[in-house]
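Going by the working numbering, the first residue of the sequence shown is number 245, and it counts up by one from there.
It is possible that some hints are incorrect.
[As the list claims (entries may be wrong)] Mimicking SDA-like on lysine to any residue, the simulated pairs with C-alpha atoms at most 25 Å apart in a straight line are:
id, residue 1, residue 2
1, Lys-550, Ala-459
2, Lys-538, Pro-449
3, Lys-510, Lys-363
4, Lys-508, Arg-429
5, Lys-538, Ile-409
6, Lys-345, Ile-356
7, Lys-272, Trp-323
8, Lys-538, Arg-462
9, Lys-434, Thr-386
10, Lys-538, Lys-510
11, Lys-550, Glu-500
12, Lys-393, Glu-500
13, Lys-272, Glu-247
14, Lys-272, Thr-344
15, Lys-360, Asp-304
16, Lys-365, Glu-348
17, Lys-365, Asp-432
18, Lys-360, Glu-389
19, Lys-390, Ala-362
20, Lys-246, Thr-344
21, Lys-246, Gln-543
22, Lys-363, Thr-267
23, Lys-553, Gln-543
24, Lys-510, Asp-432
These aren't lab readings, by the way, just hints derived from the structure by calculation.
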Amino acid sequence: MKEIYFNHDGNIDDLVSYLLLLTAPDIKLLGVGAIDADGYLDPSVEACRKMTDRFNLRGDALTVARSNSRAINQFPHEWRMATYSFNYLPLLNESGKIETKEAELPAHEDMIAKLKAAKEKVTLVMTGPLTDLARALDEDPTIEEKIAKLYWMGGSLDGHGNVAIVNADGTQEWNAFWDPEAVKRVFDSKLDIQMVGLESTEELPLSDELRQHWASLRRYPAIDLVGQGYALIVSVPMAELYLWDVLTTVSALYPEVVETRQAKAKVITHGLAAGRIVEDENGREITLVTKANKDLFYQKVDSLLKRAK
Numbered sequence: 245m246k247e248i249y250f251n252h253d254g255n256i257d258d259l260v261s262y263l264l265l266l267t268a269p270d271i272k273l274l275g276v277g278a279i280d281a282d283g284y285l286d287p288s289v290e291a292c293r294k295m296t297d298r299f300n301l302r303g304d305a306l307t308v309a310r311s312n313s314r315a316i317n318q319f320p321h322e323w324r325m326a327t328y329s330f331n332y333l334p335l336l337n338e339s340g341k342i343e344t345k346e347a348e349l350p351a352h353e354d355m356i357a358k359l360k361a362a363k364e365k366v367t368l369v370m371t372g373p374l375t376d377l378a379r380a381l382d383e384d385p386t387i388e389e390k391i392a393k394l395y396w397m398g399g400s401l402d403g404h405g406n407v408a409i410v411n412a413d414g415t416q417e418w419n420a421f422w423d424p425e426a427v428k429r430v431f432d433s434k435l436d437i438q439m440v441g442l443e444s445t446e447e448l449p450l451s452d453e454l455r456q457h458w459a460s461l462r463r464y465p466a467i468d469l470v471g472q473g474y475a476l477i478v479s480v481p482m483a484e485l486y487l488w489d490v491l492t493t494v495s496a497l498y499p500e501v502v503e504t505r506q507a508k509a510k511v512i513t514h515g516l517a518a519g520r521i522v523e524d525e526n527g528r529e530i531t532l533v534t535k536a537n538k539d540l541f542y543q544k545v546d547s548l549l550k551r552a553k
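Model the full assembly from the supplied sequences, consistent with the hints where possible.
Right, dumping it as C-alpha cells:
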C-alpha cells in the first residue's frame with residue numbers, strides 16, 4: 245500500500261487534489277501540510293480540516309499542519325482570495341463544527357515526523373512551493389532516505405512562465421518563483437523527482453464543457469464540491485487555468501495517466517530569471533511529464549469522486 249504525504253498551497257486545484265487523496269482507495273495518507281502561497285493560509289487549513297471530517301473515506305488518522313514558511317516572492321492577492329470563498333461553501337459547513345485537529349508541529353517539522361515514523365518509504369505529493377521540503381531536508385537530512393519519490397507541480401522547462409511582474413522576466417512558474425532557493429535545495433538532493441510543469445497539462449483546461457460535466461453529476465457530493473469550487477475561478481484567454489495540481493496528484497496515484505521523459509535541469513536563483521528551471525547537460529536528472537491521457541485522467545477523477553456518499 246502506497247503511503248503518501250501531501251503538501252500544498254491552498255488554492256482550488258490544491259483542495260481538489262486533497263479531496264482526491266481523501267477518497268482514493270488502496271493508499272494511506274500520513275499527513276497534510278498547507279503553506280501560505282497561492283491561497284491564504286487560515287482558510288486553507290480550515291477547509292482541509294472540514295474536508296477531512298466529511299470525506300476521509302479510509303479513516304486515516306489525520307491532522308492538518310500549518311506551515312510557517314514565508315515567501316521570497318508572494319503570489320498576487322487576487323489569486324489567493326478564492327480559498328476564503330471555498331472555505332465558506334455550505335457543504336463544508338453543514339455540520340457547524342470541525343472535528344479534525346491542527347497538527348502540533350509546523351508543516352516542515354510535521355513532514356519530518358511523519359516520514360521518520362513511516363515503516364516504508366513515503367511518496368511526497370507537493371502542489372505548491374518546495375520550501376517546507378527544503379527546510380525539512382536542512383533540519384534532518386536523513387529523511388531523504390525515507391522518501392520514495394517526489395511528485396511536484398512546479399516549474400517549466402520550455403521558458404513558458406506565468407509570472408508577470410516587474411522583477412521577473414516572465415520565464416518562471418509561480419511555485420518555483422515563490423522561493424527559488426528552495427527549489428535549488430531540493431534539486432541538490434538525491435530525491436527521485438517527477439515534475440509537472442506548465443507545459444505538461446495543456447490537454448486539461450478548465451473549460452465550460454468540463455464545468456457542465458461536473459454540473460451534470462452534482463448528485464455526488466464530492467463532485468458537487470469540485471464544481472462549486474471551480475465556479476470560483478474565471479479562466480480567460482491568455483490567463484487560462486489548467487488542472488496542473490490535479491494532474492500531479494492523479495499521476496502519483498495512477499502513473500499510467502501520463503507520459504514522461506528524462507531531462508537534466510538546473511535552477512536559476514538570482515536576477516530577473518530567478519525561479520526559472522532550464523535544461524542543462526550538467527544539471528540533475530528529473531522525470532518531466534510531457535503529456536496526459538485526457539480520457540483516462542477524467543475517468544480516474546470521476547471514479548474517485550463518486551466514491552464519496
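Checklist entry - What are the numbers of the hints the structure violates, in ascending order? => result 3, 5, 7, 10
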